[in-house]
Amino acid sequence: MTRKTRRLWLVVACLIGLGSAAALTLNAFSSNIVFFMAPSQVHMKPPPKDRTIRLGGMVVAGSVRQEKVKDTPVAIFDVTDGQDAVSVRYEGILPDLFREGQSVVAVGTINPDGTMRATEVLAKHDETYMPKEVAEELKRTGKWDPRYGKAPDAASWNTMTAKDAPAKASDPTQHGS
Numbered sequence: 001m002t003r004k005t006r007r008l009w010l011v012v013a014c015l016i017g018l019g020s021a022a023a024l025t026l027n028a029f030s031s032n033i034v035f036f037m038a039p040s041q042v043h044m045k046p047p048p049k050d051r052t053i054r055l056g057g058m059v060v061a062g063s064v065r066q067e068k069v070k071d072t073p074v075a076i077f078d079v080t081d082g083q084d085a086v087s088v089r090y091e092g093i094l095p096d097l098f099r100e101g102q103s104v105v106a107v108g109t110i111n112p113d114g115t116m117r118a119t120e121v122l123a124k125h126d127e128t129y130m131p132k133e134v135a136e137e138l139k140r141t142g143k144w145d146p147r148y149g150k151a152p153d154a155a156s157w158n159t160m161t162a163k164d165a166p167a168k169a170s171d172p173t174q175h176g177s
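Residues in the sequence shown are numbered consecutively from 1, following full-length UniProt numbering.
Hints are computed from structural coordinates only; laboratory data are not their basis.
Restricting the straight-line Cα-Cα distance to at most 30 angstroms, the calculated cross-link-like pairs of lysine-lysine (DSS-like) are:
id : residue 1 : residue 2
1  : Lys45     : Lys132
2  : Lys49     : Lys68
3  : Lys49     : Lys132
4  : Lys139    : Lys45
5  : Lys49     : Lys139
6  : Lys70     : Lys49
Cβ-Cβ distance ranges computed for the label pairs, FRET-style:
id : residue 1 : residue 2 : range
7  : Thr25     : Gly101    : 41 to 49 angstroms
8  : Lys139    : Pro73     : 28 to 36 angstroms
9  : Asp96     : Pro47     : 26 to 34 angstroms
10 : Lys68     : Pro48     : 29 to 37 angstroms
11 : Pro95     : Ala21     : 39 to 47 angstroms
12 : Ala21     : Lys68     : 48 to 56 angstroms
13 : Ala61     : Gly142    : 15 to 23 angstroms
14 : Pro73     : Gly17     : 46 to 54 angstroms
15 : Ala135    : Lys70     : 35 to 43 angstroms
16 : Gln66     : Gly19     : 50 to 58 angstroms
17 : Leu8      : Thr52     : 41 to 49 angstroms
Yeah, the Cβ is synthetic: ideal placement off N, Cα and C, and Gly gets one too.
Use the sequences and the hints to build the structure in full.
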């Protein structure tokens with residue numbers, strides 16, 4: 001074998017090794033990525049049953065039920081984005097700031113029946129905080145426009161959309177009057 005041929009084989013072997021390492025790394029990352037989804041997205045295109053997702057939205061007022069299974073607290077509640085709702089089952093103690101009508105992010109998997117089995121529930125930390133993904137989804141669906149004040153509670157979503165906002169609210173000179 002000539003020197004040039006050996007060098008070519010060495011370069012090819014290095015490229016194959018580098019490509020294999022990149023493929024293995026990307027495969028490992030893709031299995032650990034947790035996507036954010038809103039309830040309407042879950043119903044339109046359910047994720048694979050083994051895929052962990054973050055479900056964000058508002059806790060539907062009146063939907064929280066508490067149970068106990070072998071001394072473990074179980075909470076069942078509905079999360080909505082104003083268009084659709086997903087029932088969430090969480091085994092464990094809910095965060096102290098968890099409340100009906102407040103924004104929440106639940107981490108877990110979607111069952112074949114469309115409900116979620118959450119492994120973690122994240123609640124807001126003060127009255128002005130809303131997870132970025134939840135706020136973006138509310139804006140996208142027209143349920144909230146930050147120009148008109150803080151996000152509405154989930155109970156008022158059926159009567160409050162951006163297109164229903166008063167005409168004078170779009171005029172910056174009239175805002176706050």
